[in-house]
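> Could you fit the two chains together into a complex? Lean on the hints.
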Amino acid sequence: MKFFRLLKGELNKILMRPILYVITAILVVALVFSYMLFNPAQRTDGNITSYDSCETITDTYNTFNSSTNRYGKSSANSLLESSQNLISASRTNNEGALLQEFQELLSNINETYSAYLVFDNPMDQGIIEGDTAPGEEIITYENLQSNITELRDLFESSRDDTNSLLLIKTADNLTLNQVFINTTSALNAVNRSSHASHVELRQTLQEIDSIKQLTNLFSLISYKTVDEEKLVELENNIVIAQNYMNQVEEEIYALYEENNLDNIDSLKELSIRYYLIALNAYQLTQNVINYSYFSDMQDSEIASYFGYADIYMYQINEQITKQTYLLNNNAVSTDYANVFSPTRTSNSEVNAFDFVYFGLEVTGFIILIFTVVLAAGMLAGEQSSGTLKLLLIRPYSRGKILTSKLLATMIFATIFLIFSTFVLFLIGLFTMGANFTPVLCIFNASTAFITSPFVVLLIYLLCWLFKMFLFVLLALAISAIFRSNVGAVGVSIVLYFVLSIFALIFAGSYWYGYLPFSNLDLFKYFGGAFVASGNSSPLSIMFSAPYFHGGSFLFSFLISLAVGVILALLTYVIFKKREIK
Amino acid sequence: MTPKAQLKQYNKSSVKILEIKNVTKVYKKRIVLDNINFDVYEGEIFGFLGPNGAGKTTLIRIICGMTRPTNGEVFICGNSVQHNFEKAVINLGAMIENCQVYNYMTGYQNLLYYANLYGKIDHEKIDEIVEVVGMTSRIHDKVRTYSYGMRQRIALAQALLHKPKLLVLDEPTNGLDANGVIELRQTLKILASKHKMAILVSSHILAEMQQICDVFAVVDGGKVLDIRSIDGNESKTNKDKHIAISVNYPNYACKVIHSELGIFPEIAGSSIIIPYEQATLKEVIDILREKNVAVYDSKIETKTLEELYLDILKNKK
Ligand SMILES: Nc1ncnc2c1ncn2[C@@H]1O[C@H](COP(=O)(O)OP(=O)(O)OP(=O)(O)O)[C@@H](O)[C@H]1O
Ligand SMILES: [Mg+2]
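Protein sequences, first through last, are from chains W and X. For what it's worth, my numbering labels the leading residue of the first sequence as 1, then goes sequentially. For what it's worth, my numbering labels the leading residue of the second sequence as 1, then goes sequentially.
No wet-lab data here; the hints were simulated from the structure. It should be emphasised that the depicted structure is a prediction, and the values quoted were computed from it without experimental measurement. Some clues are possibly wrong.
[Unchecked claim] In silico DSBU-like pairs for lysine-lysine, Cα to Cα no more than 35 Å straight-line: (1) Lys577(W) - Lys16(X); (2) Lys577(W) - Lys165(X); (3) Lys581(W) - Lys87(X); (4) Lys28(X) - Lys581(W); (5) Lys282(X) - Lys576(W); (6) Lys400(W) - Lys165(X).
Okay, chain X solo, but in the shape it has when bound (with noise of 0.2 Å):
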C-alpha cells in the first residue's frame, strides 16, 4: 500500500485542506526532500517525525512560502503556495523554526499588529487566544521582556489569530513547561475537533506527538518513509500489540518461553516482551507458572509510538 492510499484508510473527514504534491528540494546537489507527497484532511492532526537534518523544518518552509521547492507543489485549501501565494496563505497559520514577534512592542501590540494584516481588529478575539495561549497576565509587558516559552506561547498565539483552516507548527513544545505542553496539547485537540482546523505539527519528542496525533508520518534523509495512524483500535493491527509480563528472573523466563514456544521473548528491565501475534496472554502465564516463575505483573500494551517510529526506521535499512 502507498503511504497516500494508507492514509486514506485512517482520515476521518474528505476535505482536504493541505496537499503536499511531489515536493522535492535539492540544495547544492544533496537531496533534502525527495518527492513529497500527502495530504493533510480538515480536523486532522498530522504529526511529521524524523531525526535531525530528516528535513522537516524544509518541508515547512516550503509550505509556508519561505522557500521554493525545486520540484512539486504545495496546495492549501486548493490554492498553490507557489503560484497563488495571497490566496493559499490566508487559510494558513505557522509558527516556523526561529521565528520571532517584534521584541520592541508588548505582546499585545504584537498580536494587533498581525491581527490588522487580515482585517478589522477583533479586540476579543485577541484576548480570547491571549487567554487560549495563557499570556493573559503578561500580554502587556514588552515581548523583550519575556523567556523562551513566552515568546513561543505568543508565537503560537500569532498563528491562531486569524482562525486559518491549516494550523503548521514545528517543534510547538520546545521551551513550553509542562503545564504548557499539556494545555498545547489541549488546545491543540480542541482547534482540531471543534474548529475542523488541520493541523502539521513536527517534533521529536514522540511521547508528546503520541498524545496530540491523529497520524503521523516519519521522514528521514528527505523521504517519507511511512505514514500511519495512532487514533482508534480499529486501526490497529497485532503487529503493533505486545504481551509485557513482569516477573522475578526475566533471563531464566526467556529460555522457558523459548524451550516451550520456540520464540525469543526481548528483555526490558525486569519485564519480559513477546510480540502478540506470537502467543496469547494465557499461554505464557500457564508456561511461566508451571516453571515456578514468579509473575508479578502481565499486561497486553500498545506499542508505543516511539517503538513504531524506530520500527520504521529499523525497517528501513
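Isolated chain W, as found in the complex (with noise of 0.2 Å):
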C-alpha cells in the first residue's frame, strides 16, 4: 500500500513531463508515416490462380482433373509418388545401392561427354541468355560455359575414382554443388524455351538428360542415412495423406454431381486442398530426410550448402513440425494467417493486423526509445537536477524508489504500446478491414497450434514489452553508474541500432547467437521461420529465426533473463551505495 504511493507519484511525475507530450507527438507522427510507408509484399500461396478462372462446377472439375493443371489430380498424385521415390531412395541409399547406380551412370557419361560441347558454339550464346524465366537469375553464356567446364573436369577427374567425387561432396564443397545447380537450370532454361530454334538445340541436348540424372542421383547421395523407423514413419503419412485425399475426392464427385453454382467456391477450396494435402506430404518427406542428413552434420558443413546452417535447422525442424501437424490433424488449409514479418501479408489478402504488425515495428522501436528517456530522466536526470535529494528522504528504501521508477516507466512503455495497437488496429480496420482467420503458431519449432490471431497479438506486445524491459535496465544501470542522463539514452540507443546492425551481419555466425543482447527477440519462436522460409535475405532471417543452432525459446529467455538480472543487480546494488550529491 505505502509502495503503491510512491508508485502513484512517479507515474503522476511522468504525467506532468513536458516530454511526454513531445513523444506523443513523434507517436502520432510515426502512426501517420507507418501509414504512408506500409507495403508489404503480397503472400501468394499460388495455389488458388490455376481456378480462377473457372466459372462453372464442370469448369472447375475439369480442371481439377486436367493433367495439365500444376495444382490439379494429378500433380497432387505425382507428389505423392514422389514421396515414396524418395523414401525409396533413401533406403536404396542405406544399402549403397544408389552409389553403385551413380558409378554405373557416371562412367557411361565418362565415355560420351562430348555431348555437352555443344555449348562451344558462340552462337547458342544469345539463345541461353534470352531465356532465363523472369525472375530468375539471369544465366550468361560466359558463367554457363565455365560451369560445363568445371563439371567437365570434374567428370574427368573422377573418371577412375567416384569415391573422390563424392568425398568432395560431403567434405563441403559448395562450388560443386552450384556447379550442378547452375548446369540443371541452364539446360532447365533451354529446355523450356519454345523458340523455333531452339528445337534443334533440344534435340542435342537430349543428350544432356543423362547430366540431369547424374545431378539427381548425386544430391540423392549421401554417405549419411536415414533411420528405418522414420522412414517407415514417412510411409505412413502417406498413407494418411492420401485416406485424406480420397475423401476429399469424394466430396469433391458429390458437389460435381450436385452441380450446384453455389457450391463452386467449395468445390475450388476441396480441389485445392486435395492439392494442398500431397503437396503437404511431399515436403515433409523431403524435410524430414534433409533433417537426418544434416542433424550429425557440423554447422560449417550445413552452412557450405544454406549459407545460414542454424537458421536452416530451426527453419526445417518449423517446417517438419508444422507439417506433421497439419498432416495429422487433417488440417491443411491455405487459410491460416502467418503474422510474422513485417514485409509481407499475413493471408493472401492485406488486412488491418499487417498493419498492426508493420506499424508496432516502427512505433515499437520509438516507444522503447520514450522508455529509456523517461527512465534515465527519472534517476541520471533526477539526479542532476537535485530533485532525487529530496525524493530520498522520504521513508523508502532506495530499493523500493528504484523498482517504483522501473515499474511506472513499464507501465507507461505498456500504455503506449496498447495505445499505438489500438490506434494502428483502427486505421487498419477502416482502410483494409480485419482478417480473422486463425494464425498458425509453430512455438519453440516442437509445437504447433492454431490460435486467434488476437492471442498472437498479444504475444507480440509481451515480447515487446519484453525487450523494453532490458533496455529500460540498461538505462538505469548508467544511470546509476555514470549519473549521465545522455549517457544512458545514448548508450541504449546505440546499442539497439549496433544490435540491429549486427544481426544482419552476423545472422548465422556461430557466436553471435551467444551474446547477451542478440535474444532478445522472443517472438522469433512462435513461428516465424517458416515465413521465411526460402527467404533467406538478412532481413526476413532478422525478422524471423533464430540466430544459431540449436537456438530455443528457453534458452533465448534464460540469457535475456540473465542479463536482466545482473543489470537490475548492479543497478540495485550502485544505487543503493550511491552518494548522492
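Next comes the structure, spelled out in C-alpha cells:
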C-alpha cells in the first residue's frame, strides 16, 4: 500500500513531464508515417490461381482432373509418388545401391561426354541468355560455359575414382554443388524455351539428360543414412495423406454430381486442398530426410549448403512440426494467417493485422526509446537536477524507489504500446478491413497450435515489453553508474542500432547468438521461420528465425533474463551505495 | 566539561530527537568529520556554525541518509538512519544543500506529490503551510517561473508538510529577502515552541543564528569545537559580557584606563571595550570623568554570537 503511493507519485510525475507531449507527438507522426510507408509484399500461396478462371462446377471439376493443371489431381498424385520415390531412394542409399547406380551412370557419361561440348558454339550464346525465365537469375553464356567446363573437369578427374567426387561433396564443397545447380537450371531454361531455333538445340541436349539424371542422383546420395523407423513413419504419413485425399475426392465428386453453382467456392477450396495435402506430405518427406542428413553434420558443413546453417536447421524443424501437425489433424489449408513478418501480408489479402505488425515495428522502436529516455530522466535526470535528494529523504528505501521508477516506466511503455496497437488496428480496420482467420503458430519449432490472431498479437506485445524491460534496465544501470542522462539514453539507443545492424551482418555466425543482447526477440520462437523459409535475405532472417543452431525459446529467454538480473543487481547495488551530491 | 555535558546543562526538554553518535567521515584519507557527538532535543533550535568546508553539509547529508558515515551512527527518534532508514526518516523534514523541487510542476503540485508519499493528502494542511512560507499568491505557477528565494520557500514548505519531529535546514536563509528571513525566524520559533519540533539549522549568517538558535555548535575542520547556549540569562557567564563606552578620544581613554586599572581595553571605532569581569561600569566612568574624557554613551553588552564564534575559533588555535 505504501509502495503503491510511491508508484502513484512516479506515474504522476511522468504525466506532468513536458517530454510526454513531445513523445506523444512523435508517436502520432510515426503512426501516420507507418501508414504511408506500409507496402507489404503480397503473400501468394500460388495455388488458387489455376482455378480463378473457372466459372461453372463442371469447369472446375475438369480443371481439377486436367493433367496440365499444376495444382490438379494428377500433379498431386505425382507428388505422393515422388514422396514414395524419395523414401525408397533413401532406403537404396542406406544400402549403398544408389552410389553404385551413380557410378555406372558416371562411367557411361565419361565415355560420351563430347555431347556437352555443344555449348562451345558461340551461336548459342544469345539463345541461352535470352531465355532466362522472369525472376530467375540470369545465366550468362560465360557463366554456363565455365560451369560446364568445370563439370567436365570434375567428371574427367573422377573417371577412375568416383569416391573422390563424393568425398568432395561431403567435404562441404559449395562450388561443386553450385556447379550442378547452375548447369541444371541453364539446361532447364533451354528446355523450357519454345523458340523455334531451339528445337534443334534441344535435340542435341537430349543426350545431356543423363547429366540431369546424374545430378539428381548426386543430390540423393549421402554417406548419412535415414533411420528405417523414420522412413516407415514417412510411409505411414503418405498413407494418411492418401486417405484424406480420397475423402476430399469423394466430396469433390459429390459436389460435381450435385452441380449447384452455389457450391463453386467450396469446390475450388476442396480442389486446392487435395493438392495441398499431397504437397504437405511431399514437403514433410523431403524435410525429414534432409533433417536426418544434416542433423549429424557440423554447422560449418551445413552452412556450405545453405549459408545460414543454424537458421536452416531451425527452419526445417519448424517446417516438420508444422507439416506433421497439419497432416495429423487433417488441417491442411491455405487459410491460416502468418503474421510474423512485417514485410509480408499475413494472408492473401492485406488486412488490419498486417498493418498493426508493420506499424508496431516502427512505433515499438520509438516507444522503446521513449521508455529509455523516461527511465534515464527518472534516475540520472533527477540526480543531476537535484530533485532526487528530496525524494530520497522520504520513508522509502532506495530499492523501493528504484523499483517504483522501473515499474512506472514499464507501465507507460505498456500504455503507449496498447495505445499504438489500438490506433494502428483502427486505421487498418477502416482502410483495409480485418481478417480474423486463425493463425498457425509453431512454438519453439516443436509445438504447433492454431489460435486467434488476437492471442498472437498479445504474445507479440508481451515480447516487445520484455525487450523494453531489458532496455529500461540497461538505461537505469547506466544512469546509476555514470549518473549521466544523455549517456544512458545514448548508449541504449546506439546499442539498439548496433544490435540491429549486427543481426543483419552476423546472422548465422555461431558466436552471435551467445551475445547477451542478441536474444531479446522472443517472438521469433512463435513460428516466424516458416514465413522466411525460401527467402533467406538477411532482413527476413532478422525478423523471423533464431540466430544459431540449437537456439530455443528457453535459451534465449534465460540468456536475456540473466542479462536482466545482472543489470538489475548492478543497478540496485550501486544505487544503494551511491552518495547523492 | 565535554560539549555533551554542557549541552545537557542548557536543554529545556529531555526528549532526545536527534542523536549523533561518533560520526566520522573520511573522503579519500581526508577527515571531513571527526568523531562528532551531539544531541538535539524536542523544541530546541540548534545552530550549526562553521567556516566554509567545515563539514556542515556533510553532516546534514549523513543525517538525511544521502551519505553513509565512515564510522558512527545517527538516530532520529531512536531509530538509526543507517540501519532502520524508513522508520528513522519518517520523522525527518529537510532542506538539503542544492535540493530542488520539480520545476515542470507548479509549487502546489510539488507539495501534493510529497504529501502523497506520507499518506492521505490533507489539502487544508498544504494550504496552511503555503501560507506559512508566504507563497499563497504564486503557488499555482510552475516552479520554473519562480525566483531563487521562492524556490527556497517551496523547499522549506516541502520539509514541513508532514509535521516532522526533526527539521534539518542547510543554510535556509540563502536567497531569502529581509522579509523572508524575519518570517523564517518567526516560523522556526513557532515550530519549536508550539509544535515541539527539534530544528537543526546550519548557516553562515551569525547575526541571524543568534536570533533563532537556542544552542549552537561550532565546527571547524570536522571537529565540534564547542557547544553553547545563547538563550536565557542564567546560562551566561560574565565572560560573555563587556563594557562599551563611547568617548571623544578613544586612544587617550585607553591610556588612562591602562594607567589606572592596569588593563588594555580594545578600541572599536569611537568606543573602548573592556571585559565585564575586569572592571565595573561605574569604576571606569568615574576614572574617565576624573581625566576629563567626554563620555557620550555607555552600556554593558552581551557578546554577540559573532564574537563568541570568533572566540571559539581563536581558542582552538
Ligand atoms: N565527495 C567529496 N569528496 C571529497 N571531499 C569532499 C566531498 N564532499 C565534501 N568534501 C570535503 O568535505 C569538507 C566539508 O564539506 P562541506 O560541504 O560539508 O562543508 P560546509 O561546512 O557545508 O561548507 P560550506 O559552508 O561551504 O557549505 C570540504 O573540505 C570538502 O572539500
Ligand atoms: Mg554547506
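> What hint numbers does the structure not satisfy?
5
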